[in-house]
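J.: Make the full structure from the sequences, and use the hints.
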Amino acid sequence: MSDTPSPNPPSTPWLTMHIEHRFHHGGAGFHLHLAFAAHAQRTVVFGPSGSGKSSLLRAIAGLLKPDVATIELHGTIVCNTMHGSQPRIFLPAEKRRVGLVMQDPAVFPHLTAAGNVAFALRGTERSAQKEKIARLLEVVEAETLAARWPRQLSGGQLQRVAIARTLAANPSILLLDEPFAALDAPSRQRISQNLHQWARQRGIPVLTVTHNLEEAFTAGDEVLTMEDGRITAQGAPEQVLSQERERLLQMLGAVPSS
Amino acid sequence: MDTVALLLTLRLALVTTGILLVLAVPLAYWLAFTGSRAKVFVQAVCALPIVLPPTVLGFYLLVALGPRTAFGRVLTHLLGHPLAFSFAGLVVGSVIYSLPFAVQPLAAGFAAVDRSMLDAAATLGSGRCDRMLRVVLPLSRGSLVTASVLSFAHTIGEFGVVLMIGGNLPGATRTLSIALYDQVQDFQYAQANRTALFLLGICLVALMLLYSQRPARNARSGDLV
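First to last, the protein sequences are chains A and B.
FYI, in this note's numbering the residues of the first sequence are 1 to 258.
FYI, in this note's numbering the residues of the second sequence are 1 to 225.
What the hints contain is simulated information worked out from the structure, not anything from laboratory work.
Using N, Cα and C, we set each Cβ at its ideal position, and we do this for glycine too.
Treat the hints with care, as some may be off.
To be verified - Among the chain A residues that face chain B by a calculated CB cut under 8 Å, a handful are:
(1) 68
(2) 100
(3) 108
(4) 169
As the list claims (entries may be wrong) - Which stretches of chain A does chain B cover? Using the computed rule of at least three CB atoms under 8 Å from a CB of chain B, they are:
(5) 109-121
(6) 161-167
T.: Rendered as structure tokens:
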């Protein structure tokens, strides 16, 4: 596709966004209101459940139409609701080339694991397709699952298939919404490593959303903390997460509370 | 039994079901996923044939397709003969009359497809039509079968619309249900009994086919209760 953005060098932001959105479910409602730019190859958004992390990813991917927003991916405006001289823009999800792995893997139940990966490989030649599927399943250590149906797979295996499928679509950025939640610790680490390596080799920036402090430390060159629909801090992991780390250590009784 | 009427009825039901599926799939897809304000109106219009006396529908179709309206005159001119009192006219009437029996199970089935599947497909680069063909339709196969069987059985059993729009022309527009009516009028009860039993059998088998469907792997959608 010629009109799609290509990865930039890491110094310029690959994502610039400003969004405001009010959710009206329940009585209280929830207000998402944030602005930031992401430069790093690996960025982590860290925050408690319900802080609006998933909605943030949905807005970037084009699955949520915010009330007010400007979202720029690799220098291309994909969403702009502002009035004024600029035209209103809302590029639908299928045209954004944003890879999104959700908590719910949403693996298509009518296709095998390989069929799910092939879903995103439309237009690829059959022989090349087979090879590509095998390679992608290898990244998530699921090469033996190719012929299995989703109903025969465990939660962790489904997540692996969902990741391979997302990579198959050749995304220009990767958004991960706690994608390793159902995996055991050793495979989580290995697959996360494989995935980040895959992305780095192709110059594809990765934005991971997590409420897991360890993952926030290991999966991010830069960390944003989020609370109640707002960004509360942005910077290097040690700097941003130190307070959180101390709080946890205190809870474990490792350091005396001051 | 009136075999000419039987063949005509089966042909009518098959053609109607085929046309209905082509029309109802996109219509039901729109109904299942639109946020448009026109949805309620379109829903109501699609459901009208369920509650409207078939004679009312037949009457309006007869008027619309006849020489009283510009539409009817253009149609007659184009076809070389009036659409009313012909097999094609019966098909038009049957399609409208059975529309809700195709649209409603399909719309219910489509709406029951897990939204996260559609979101996933969209982020994988799959557009609206592609999502319908590669995600929604395969996940609502049960509704497709339901819609087909109901459209077929409902067309076989229609009487009022067919009589109003088709008249009662042997070989052209006399269906089994009309033949049955004629047989009763002529006090041919033995023949009438055979026709009635046959219609009863077709409908019973169709419904048994419907209820014996294995629940689809994922979509439990569009099933009749």
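J.: Against this structure, judge whether each hint is valid.
T.: Hint check results:
The closest approach between the C-beta of residue 68(A) and any C-beta of chain B is roughly 19 Å, which is over the 8 Å cut-off, so the hint fails. Evaluation of the residue 100(A) hint against chain B yields a held restraint, the C-beta minimum of about 5 Å falling below 8 Å. Satisfaction of the interface hint for residue 108(A) is found here, the shortest Cβ-Cβ separation to chain B being roughly 6 Å, below the 8 Å cut-off. At its closest, the beta carbon of residue 169(A) sits 5 Å from a beta carbon of chain B; the interface hint therefore holds under the 8 Å criterion.
Counting residues of the stretch 109-121 of chain A whose CB falls under 8 Å from any CB of chain B gives 4; the rule of at least 3 is met. With 3 residues having a beta carbon nearer than 8 Å to a beta carbon of chain B, the stretch 161-167 of chain A meets the requirement of three or more and the stated coverage holds.
Consistency with the previously given hints fails for number 1 only.
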